[in-house]
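Residues per chain, in single letters:
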Amino acid sequence: MTRVLVTGGTGFIGSALVPRLVASGYVPRLLVRSSPAVPAPAPIEVRIGDVTDVDTLRLALEDVPAVIHMAAATSAGRLDPAVAYRVNVGAASALVEACRSAGARLIVLSTQHVYLPAPGLYGRTKRMADRIFLESGVPVTILRPSLVYGPGSRGVFVRLATLVGKLPVIPVIGPGQWRMRPLFLDDLVDVILAVLARPELAGRIYDVGGPDVVTYDELLSAICHAIGRRCRTVHLPLGVSFALAWILERLLPTPPLTTDNVRGAVRDAQCDPRALERDLRPRLTPLIEGLSRSGLSPSHA
Amino acid sequence: MELALDLSPPESKHYRNWNERLRYVARYSQPEEIHVACEIARAVGVTSVMAVLDRRTEVALRELQVWRDLSIWAVVPNMYAFIRDLTDRGLVGAAVARFLRLRPAAMIATGMNALRELGPLARSDFSAGALWLAQMELAAVQQLHVRRVFLHPQLTEIALAGRVSELFREFARRVRALGLEAGLVTHNPVLAAEVLGEEMNSFAAIVSPCNPKGYKMVPDRATCEALFRAQPGRFWGAEVTAGGHLRLPGAFAHPQTMGLAGTVIDPRGLQALFAATG
Amino acid sequence: MPDARPLRCAVIGAGRMGMVHGHLLQVYPGTELVGFVDPQRGAHERLASQGLRAPVFTGIPEMLASANPEAVFICTPTHTHLAVTRECLARPLHLFMEKPVATSVADADAILALAREHRVMHAAGYVYAHLPIVDEARRLLAEGVLGEVLRFSAHAYISEVFGPKSGWFFQRELSGGGVVANMGSHVLFILGWMFGRIRRVMATTRSHASNVEDSAHALLWFDGGVTGMLDTSWSMPGAQMLDYGITIDGRQGTLVLGREQILLHLLRPIGDHPEGWSEIHASDLPADTAFDISPHIGGESFYRQLRAFETACRTGQLPFCSLDEAANTQRMIEGIYTSAASGQPVEIG
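Residue numbers (my numbering), protein chains in the order written: chain C, 171 to 471; chain F, 16 to 293; chain R, 4 to 352.
Bound-form chain C, shown alone:
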C-alpha cells in the first residue's frame, strides 16, 4: 500500500480527502501541529511537526513517494504577515528540499487568488509558493480551486451560508458581479485522487472549478433558494467594504470580512477549465445539486 504524506489534512478539504485516500487503498500520513484529541483510525498515520521544518519533513517523508500539500495560512481570519510568509512560502521551500532528498512528488493545493492583479497577502504568498515549487525541478502538480463548498462545518462557504441564513439583509462587497465556478468538495477530492494516480501530470497547473459559472449574486440566490428564504442583498461600495474589513481585522481575531476577501471580490476568478477537461475529464457536480448535497436546508434560515 502506498503512503501519501498529507499536510493540512485536518482542515475542511483534508477531512473529506483523507477517508477517500484510505478507501482508494492509500495510507495517509498526516503531518499535524499537535497531537489530535482523538487518535486517528488505522491505517492513517500521524506525525507531529512543523510543515516549515525541513528535518521534520524529511522524517515524515520516509517511505513516502508523494505529498499532498494543503497546509496554509489562509485569509479566513486576520492574517499575520510573518505567519503567512513562514507558512505559505517557507513551507514551499522546506517541502522542496525534503522532497528532493526523498525523491517524492508533490500535489499542491493553491488558489485562484494567485491570478488577481492585486491579491491580498494570502494570494501573494500562495503565488510565491507556486513559483518556488515550479522552479524547483521537483515533480509537482498544482491545483488552483475556485470557491470550494460542501458538507461540513468549516470553510469560506459555510461562513457564507451561515451569514445568508442569519442576516435579514445580506451585505455584498461591490456590485456582486464577479464570477466564479463554485466547486463541490467531493469533485475536488476526485481530482486530487486522479492526479495522485498519474505521476506523468507533474509540471502541470490546473484550474479546478465547477461546471457552473455564476456571479456572486447568483451564488447567494442559489444558497437562499436552497435554504428556502428570500434573497435580500445590499451592495456595499468597494471602498466602504475595504474600510470595514480593515477595521474588523484590527478589532477581531477572526473577522467575518477581511481585506483579502474584498480584493478577491473585485475580479472574476480566471478558472480556466480546459486543461483539466483535456487531461482528466472529471465529472463535476452542478451547483444546485451540490448545494443540496451540502446539507443546506431551510433549517439554515
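Just to be clear, a hint being listed does not mean it is correct.
As the list claims (entries may be wrong) - Partial list, derived from the structure: chain F residues whose beta carbon lies under 7 Å from chain C:
| id | residue |
| --- | --- |
| 1 | Tyr39 |
| 2 | Val51 |
| 3 | Glu54 |
| 4 | Ala58 |
| 5 | Val81 |
| 6 | Tyr95 |
| 7 | Ala290 |
To be verified - Derived Cβ-Cβ restraints for the label pairs, each shown as a range:
| id | chain 1 | residue 1 | chain 2 | residue 2 | range |
| --- | --- | --- | --- | --- | --- |
| 8 | F | Asp84 | R | Pro58 | 51 to 59 Å |
| 9 | R | Glu176 | F | Gln157 | 44 to 52 Å |
| 10 | R | Gly227 | F | Arg42 | 39 to 47 Å |
As the list claims (entries may be wrong) - To be clear about the criterion: a stretch of chain R counts as covered by chain F if any three or more of its residues have a C-beta under 8 Å from a C-beta of chain F, and this derived list gives those stretches:
| id | region |
| --- | --- |
| 11 | 81-94 |
| 12 | 237-243 |
| 13 | 287-300 |
To be clear, the hints were calculated from the coordinates, so they are not data collected in a lab. Every residue, glycine too, gets a C-beta built ideally from N, C-alpha and C.
We have chain C already, so just place chains F and R on it with the hints.
Chains F and R only, in chain C's frame:
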C-alpha cells in the same frame, strides 16, 4: 565558502538576446519575484543579499525581513537613478528628490551633514557628493537591516582611476560609524590594492570577478589570483560562471581554491543552482 | 625606433565623456594627461576632486601654449566639433573626436579634410566597435566564414527617454539629432566597418517624448551589395546600457553577434569552425585590458579604444576607427534623417 545573491538591477546586466533581457527584467521588476528569489537563495545556502536599493528591491527586502534574517548588503548610491535624475532635473533637483524621500529625523541629520559639506558640495566635489548621496540613500532605508555597505562600482572605478584614496577612507569611516561593515565592488582589484594600500583592511569584503577563464579579470587572471591568495577571506568572487559560460554548482570549485570568502551569484545563476541542487 | 615617451594628451570639454577620457588617459601607461579645456567656473576643483590632476584652461590657445599636447580629445557638444578642430589645428595635433563627429556630413568631411591636411592621426569615439567580441565578429567576416555576405538585421536599444528632456543633447542643431546620431550610430559605425561604404538609405523616424527622434527604422544598402535593417530606440524599457544585436546572413552561414557572445551557424565546416551551431563567448577571447572603467560605462572597450588611438599616433598607421570610417557613419546618419523627412530613399554619393 559563503554565497551571496546579487540583486543589481536586471536592466544593468548583459543578456544573450533582447528577449532574454525582457524576460528577466519583467520578472525581477516585481517585488514579489525579488522576494521569491531571496527565499530560493536562502534555500540553496545564500546568507546575504547584495542590492542597489531601488524602490522595488526595498519593498521586497522589507517584506522579506518580516520573516527571514538574510544579511542585506546595500550598494550605494543608485547611480543609474541619480544620473537619470541629473539629466532630467539637474544636480540640485536630483539631490532634492532624494532628500524629500527621507523621514523628518533623517532629513535633519542629512541636512546637517550637507551644511557642514556645503562648500565642497557646491563645488561639485566628487567625494563630498558621492558620500552625501550614499548617506542619504542609507538614511532613506533605515528600516532595512543592512549589515554591509558597498560603494557603487561606477564610483569606485572612477575613484580608483583618479586614485582618490580619501573617498575610500572616508566612506569606510562613515560606514563603520553607523555600526556597519564597508565593502567595495570592483573589476580592478589589483589597482584597488595599489590605491588603497593599508586602507584595504577597512573593507570587510571586496567583490571582484573570479573564474577559471579569466573573464573580466583585470589586468589578467594570474595577477588577480595572486592578490586573492595574498588576502584570504577578503575577496568575494563575482562572474564565477564567466558570463554564463560555466555551469553551477561546478563553477564554485575555482573560487574555492582561491581562498575567497564567498561567491556572488545573480538570479540566473540562482535559478540554475536551485534546479540542480539535490 | 618607436618613441617610448607617453603621448601628451589634452581633453577639450570636461563634461561626462571628457572626464571618462581624462581618467583613461591617466591610467593608460602610453598616455599622459596634460590639460583640460573647459570654460565652466569651478571646473578645476571639480576635476581635481576626481583625481584628474592636469591643469584646467578656459581656452584652447592658452592650453596649447602651456600644456604642449601632442593629441587632443574633443569632447565638446557636437555642433562645436568643427570650430574646435580648427582651433586645435593651429598646430599639428592628433585628433580624437567623440561621437558623433559632427552635426552634418559637410562638417564631418571638413573635419576629416583638416586632419588630412595637417597629416595627423585621427579617431572617432565609437567605443562599442572596440569590444573584443565585435572585433572577433569582424575578423570572422573578414576570414570569409559566411562566404558572400548577403544581409543583416540589427537593433540598438536603451532605456533613456520616456518623457520630455532638456539640455543641448536633445536639441538637433546642437547634438546632431536624437537616438540615431547619439546612440544608434554606435551600431551604424560597426555596420559600416563590416560592410563598407553606404550607398542608399530608406528610413522612418518617430519622436515619442522628446524634441528629437526617439526611434528609427532604417533600411541600408552598402556598396558591396549587403543590405539590411537597423531598428533603434532609446525609449525601450529594460536596458540601462546599450543593448545591441546584429544577425548577419551569408551564403555559407549565419552569424549572430550579441553583447558577450557570437552564435555561428555554418552550412559546412570552414577552417576551425564546425558545420552547424557553435558559440564563441567573450570569455574565450584573450583578455588584453589593464583597466575596466565599469561595465555600466563601457567596460574594457574604452581602454582598447585608447590603445588603438595611441598606437596609431605612435606608428603613423590610421586606426580602423578613423574619421574616414566616421564620415561613412555620418553619411548613414544624415541619410536616415533626409529619407525620414522626405519619405523617399536617399542615394549617397
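Structure-based check of all given hints:
About 13 Å separates the beta-carbon of tyrosine 39/F from the nearest beta-carbon of chain C, more than 7 Å, and the hint is not met. Given hint, valine 51/F at the interface with chain C, holds; its Cβ is 5 Å from that chain's nearest Cβ, closer than 7 Å. At its closest, the beta carbon of glutamate 54/F sits 6 Å from a beta carbon of chain C; the interface hint therefore holds under the 7 Å criterion. Hint status for alanine 58/F: holds, given a least beta-carbon distance of 4 Å to chain C, under 7 Å.
The beta carbon of valine 81/F comes within 5 Å of a beta carbon in chain C, closer than 7 Å, and the hint placing it at the interface holds. Interface restraint check for tyrosine 95/F: the shortest CB-CB distance to chain C comes to about 27 Å, outside 7 Å, so the restraint is violated. Hint on alanine 290/F holds. Least Cβ distance to chain C is approximately 4 Å, under the 7 Å limit. Our hint of 51 to 59 Å for aspartate 84/F and proline 58/R holds, since their Cβ atoms are close to 53 Å apart.
Taking the beta carbon of each, glutamate 176/R and glutamine 157/F are about 47 Å apart, inside 44 to 52 Å as hinted. Checking the proposed 39 to 47 Å range against glycine 227/R and arginine 42/F shows it holds: the Cβ atoms sit about 42 Å from each other. Counting residues of the region 81-94 of chain R whose beta-carbon sits less than 8 Å from any beta-carbon of chain F gives 0, not enough to reach three: the coverage restraint is violated. Counting residues of the region 237-243 of chain R whose C-beta sits closer than 8 Å to any C-beta of chain F gives 4, which meets the bar of three, so the coverage hint holds.
Closer than 8 Å: that is the beta-carbon criterion, and the region 287-300 of chain R has 11 residues meeting it against chain F, so the requirement of 3 holds.
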